[in-house]
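Residue numbers (our numbering), protein chains in the order written: chain A, 1 to 782; chain B, 1001 to 1302; chain C, 2001 to 2289.
To be clear, the hints were calculated from the coordinates, so they are not data collected in a lab. There is no bait here: all hints are sound.
The calculated lysine-lysine pairs, modelled on DSS-like cross-linking and capped at a C-alpha distance of 25 angstroms, are:
| # | chain 1 | residue 1 | chain 2 | residue 2 |
| --- | --- | --- | --- | --- |
| 1 | C | K2069 | A | K616 |
| 2 | C | K2200 | C | K2103 |
| 3 | C | K2071 | A | K606 |
For clarity, every value in this text was computed on a predicted model and none was experimentally measured.
One letter stands for each residue in the lines below.
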Amino acid sequence: MPEICRRQFLAASGALAAAAALPTPAAAMELELGGKNFHQLRTYQARMRSHFTCTLCPYYDGGFSYAENGRIQKTEGNPDHVASRGKFCAKGLASFLGAYDPDRILTPLKRVGPRGAGKWKEISWEDAIAEVAAKVGEALAEPDAIVVNEGGFTDGPAARFLDTVGSRSLLRSCTAGLGGGAKQSALKGMLGSAFILPDMEHSKYVLNFGCNILETALPLAQRLTDGVVNNRLKLVTFDVRLSNTAGRSNEWVPVFPGSDGVIALAMCRHILEKGLADNDFIATWTNTTAEKLLAELQPYTVESASAQSGVPAKTIQRLAVEFAKNHPATVISMNGVSRRKSGLEAERACLMLAVITGNIENEGGCCLPRQYDIGVPQPAPKRRDPTPPPLNHAFPFQVITGMRKVKVLINHRSNPVYSAPAASVWKDALKDEKLIPFLVDFTPFMSETAEFADLILPDVVGVERHDLVSSPTALWPWASISLPTVKPLGQARDVRETLKKIVESLDPEGQKGMKAFWAFANAKQWVEQACNATPGLEGHYKKLTVKGFWPDYGKVDPANRQVIKDGEPLVAPYGLHKAKGFATSTGKIQLTTPQLQANPRHENLKPGEFVLTTYKVAYHVLSMTSNLKYLSEIWHSNPLWINKESAKALGIRDGDLVRVSSPVGYLVTKVSATNAIHPQVAGLATSAGRTSYGRVAQADPELIAPYAQPLLVDEDIVDNVWWRDKGVNPNEIIPIAAVTQNGEQAWNDTVVSIAPAQSGDVHGAIHVDNAKHIAIFKQLMG
Amino acid sequence: MEESVVTYNAFHHVAWGTTISVYFWLVGASAGSFVISSFGWVFGLKRYKPLAMTASATAIVMLLIVPILLTWDLGKPVRFIYLLIPGYWHSTGPMAWGTLLICTYPMSMMVYSYFVIKNDPTFARITGIVAIVLALSTHWYTGVVMELNPGRFLNHTALAPLLFLTGAFISGIGLMNVVVWVRNFFLPEEKKIDWALIHEMAQFMMYGIVFDIFLLYLDFMQTTYGNQNEVMGHDVVLMQVFRFPYLWLELVIGLIIPLILLTTPLKRSKSVAILASLLVAVGVYGMRVWWVMGGQYLQSFY
Amino acid sequence: MGNQEIQPKIPRSYGLQTPGSKGVAGKKRYAMVIDLRKCIGCMSCSIACKTEYGLPLGVWRTWVKVVDKGKYPNTKRVFMPRLCNHCDYPVCVRNCPTQATYKHEDGFVLQRYNRCIGCRTCMVACPYNARHLLPEKRTDDNLPRMVVDKCTFCIHRVKKGLVPSCVQACVGGARLFGDVNDPNSEVAKLVATETVTVLKPELGTSPSVYYIGADWEIMDEPHSYTNRTDQMVDEFNDFKRNHKGDAFADIIEGEPLMSEVGKNWMGFLRTIPHKAKETLHAFKIFLFD
Ligand SMILES: Nc1nc2c(c(=O)[nH]1)N[C@H]1C(S)=C(S)[C@@H](COP(=O)(O)OP(=O)(O)OC[C@H]3O[C@@H](n4cnc5c(=O)[nH]c(N)nc54)[C@H](O)[C@@H]3O)O[C@H]1N2
Ligand SMILES: Nc1nc2c(c(=O)[nH]1)N[C@H]1C(S)=C(S)[C@@H](COP(=O)(O)OP(=O)(O)OC[C@H]3O[C@@H](n4cnc5c(=O)[nH]c(N)nc54)[C@H](O)[C@@H]3O)O[C@H]1N2
Ligand code: SF4
Ligand code: SF4
Ligand code: SF4
Ligand code: SF4
Ligand code: SF4
Ligand SMILES: [Mo]
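Let the sequences and hints guide you as you build the complete structure.
Here you go:
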């Protein structure tokens, strides 16, 4: 039995816990959870409702948008959606404000003056499309010089465009998607599928390595809180700082950065040694045996894990035993583990814990993803390069050092000049017209990247878009749509329609074989055709439009959030692997012992040196939401977290200005001296320090962009924006780094030194030497 | 105690500010002046009759500024009318009563002044009595308005109306002495008010000061021996943030220095009497500041 | 022990227990129960409320206070959602001179915007900071301005059979809403069987917002002042400097007090022209429309 802590005891003893454990639902809430919306003063008529699926993050929660007088007034989750169950996070709830963002771009903009000077003129769509077509046409002889940087979570239209013109240059400057590249590779290699769904609703024990689930994965977070009341679930979080998840866990185990892998392996070894492993599961479902595994794990002792991580050996042993004895249990892990050089191997180590305890594809364990593989309209061009080449985030370095030739760069839903590590190098590369002769950005907002574009083509925003998506966030697969009721504002145009127009001017007669792939009439038709091209959804578009999602599994009981079908709770399918095995070559889980070395740099931190951790906060999606007033009001600045004692040792007090220096430069910011972080870690959140995007993001209500539309004036922003501290962007001082095995971005290994600010330093100042950035890149390339 | 830090909270404005504190001061000074005015005509102290008109004029002027300030402090100035419409009137709200007082009090003073000018002792007496009750009530209610907020622990004391009235009394005298002194500059000899009277008024003021100090002492006892909130109110609000208006302006400048000036032989000097009067009048503003703004200060963080 | 096992439903109470409804028998008394054990600090509630009402910046009908407790490495994070308590004995209602705020028979404490004169007496009276003055400028200027506003328990939704917006949005499922006078309601059961507390019970306001698992220390008023981070001090100062709250009483910490009082005066004087304009406008409507 685990030691039951006080909070758990309280939680378990609550009437809620008792009620929720009843097989049949207790008295349902007396009022409806949602599905209707009214004006706060005039309630005689309900607002017009439409289906809306939030695509701000890859969890794609399904819900509604409500409109009145042609304007979206509110969004909320759909109470019967099996995944969102009526809940949107703060970002999803505020996202519709983006449509009426006063700094939104509503006409095609052409640069006047030098790149990045912020001078624009409005041009017509015809001229804009002609210009892009001309530039792409010129580059067709050398198609790989046509590059798309895609930031959306699916490859969709931009990739199709590349395939159409015959280019293989699809970039992901910031790898997006569930789990991130290293984790996906690890899972794919072991299980044959790129995601696992932790079934926390039914779990009794959750080991969390570096995933801030309560802030970054809201549909999973609500299942976690259910697990807490349903099963007295115990949550143990390994994190280098006190995220909200760590702060609400039964135990927060602060670890030295990058040591999760060895801890996990030491736990595996301990579990095997103590005979607590599920030997049958290992024998039946993996390519190895418990004995073999234990032999391989010999180097990973609890003592060495303890030495590397700073976690007491006793704690590691105790948690290992608790985890093994509490069946079912889940392991979750995320960027804290995967976004570092050792990321892939460390992810494999974490998953190994679940495998050896038999917590795979069982109720309350780690389940295989249940998801529709959303298709694209047919006929589709041949995918040239399904996997992005390694190190594609090194794009600007490759361009600057002449390794890559670019004629046209198309940017879509991505903002590397802000979001990618080595951001200042992106800036340099994009600024240089010789390196990148033509840069076009499909974006509704003036991002730091769009600032360098030659042409900006305004895309529609979420509530104006037709979408069809699916995400493995529930125990049943679902697909969900967005059906806009409001027309795109101004001249905004869906990227799919814009690309179609471009292709049509490239190949007006269709002899080049391009036009045929863009035969859909508009975005709505794209979605219909995509639906028909999705295995399992063929012909179901109509059904999707009725409820907003499909299949319809029943009603979600608001009291305990179980799916009720014909008066009975719906039973989830488990053991999917039993039918056809895992999608690996052997049909079994490929279990080999990861190779993990201690990071020598980290062991030898000098006084004043810290490992820099950057992380997401609950109230923003990287660089997409900073101009949404309600979100930025809650969270707009990112003081540097350092441990109280470490700060004291350096003579730094709460609120002091400091210089944070990495090997490439430094930034100046304010310190928050706190009990919420490991003494050798410095924490700097992302999503702050915007130098573009708009007056809310930049905390300056007087800033009025030349392209701002008078139509969208929001007096509330003009008059009431009260904060002035916008924080600082960590990405300029983070040098390029890659996961050893697959070249994915690894920004969590940066070492910085912290010292009191010098005279003349102002809050938010950043000084970086790009030559140093490039030197590090060359070192990385060997 | 376990370490704990607030890392996020919503922010709130303090609802009543400078306008209200000035208004309280004006009402107080007005009521105080009027009490003086009534000495001669209402209480039959003939010596004070020469002061009556000056005092009531001061009182009226002070009070005419009040509605302007208050109306302009409203979010919806035009809607001040609602305060006067019977269907809207709310009997449990001290403000509703206050409105009635603020309207009737200056009127009663004007009527009284009319009879004073007409030299009609009977009616002056009757209207004077009405006016003095209204004067005291007007100021009593400003104390009550602050007192009846159980959440504002610095204000939530039954001493509030008394503190306000005493403050009104002394600041009224102080202000009026200054007015008389200024007035004497401009008037012919025969119309000048006798300095003896000013000295006598200053003497009254001195008693008021003593009583005010006594009340403040009682308040000090309650806050320092009070519950956590009251202690915090004393330590943080009064002794730190509002240290200047509380300790220096009200206590030292407004009470202790005048008390010294008025209890030592110095008091015989005309300039000392005037100086003491001036200090008291200004010092009471310090009290209005900490009382109104300080009373709400801590809670704006909650 | 599977999750299907039925657990005994024994009323449990440890220590002090806030009594349930003081409402009128036979009438509804809507109440909210916030189970802090399930609150994850996502602030979906705050945003859902802001979007439901198009609430201007700088004012909140509900918000979530965040406190870090304990010394490293034994640090925990505590969230404390706050909103109007819809008190049974509402000081705000008692003190309002125009009956602009009133207690609805079903328990809601409500606001009549067209009656409110913006005197802010109720704001001074409310012990919970639950009220705010709506600023002069807002996105939709057909909505009330320069009058006092607060959480309405979403009466416009409740009367249409919907839970309040913050309850609908609550990701953790921490917020529950219903009629405590109905013994079968979820909230009544919780209030009867759980250890529930209310904010500042000593004031006798009898709140209708109950908390399960509340931490005494962070419910406490002085704590919010004494235990702030430097960041909070700076932010509040920015708020006071830049948010036009028309309150003329904000004091920026670290600046000389009397100069702040002076600045408040200037602030007041600066509002005179626009208020004069508004007054004239109102009179015009009054006289000629
Ligand atoms: N609110 C919000 N949600 C999002 C997104 C967003 O932008 N905002 N983006 C979505 C996307 S694209 C992604 S990839 C996911 C990312 O989701 P997460 O991986 O959960 O988020 P991160 O903030 O990148 O990192 C998680 C945690 O890792 C910790 N960490 C850092 N180093 C270490 C370490 O060495 N060991 C351990 N144990 N922990 C460490 C950090 O302190 C941080 O709390 O979130 C998705 N959801
Ligand atoms: N230091 C550090 N850096 C990180 C991370 C970290 O934890 N630490 N996290 C990384 C992770 S996991 C990720 S996924 C990346 C995310 O980084 P990116 O993939 O670059 O995504 P965003 O920064 O959110 O930028 C998206 C851009 O799309 C545009 N946009 C917004 N809405 C729309 C729309 O509706 N339509 C179109 N067409 N465009 C739109 C805007 O210009 C916006 O700036 O950041 C990475 N960067
Ligand atoms: S978690 Fe939030 S941002 Fe992500 S899909 Fe759901 S509502 Fe949208
Ligand atoms: S919390 Fe404040 S505003 Fe709400 S009813 Fe109680 S006293 Fe009134
Ligand atoms: S501001 Fe409005 S609701 Fe508040 S007390 Fe004044 S009139 Fe009443
Ligand atoms: S009940 Fe309604 S008004 Fe009150 S806080 Fe919740 S959403 Fe806002
Ligand atoms: S929405 Fe619910 S869980 Fe999230 S902060 Fe608000 S009360 Fe807490
Ligand atoms: Mo990501």
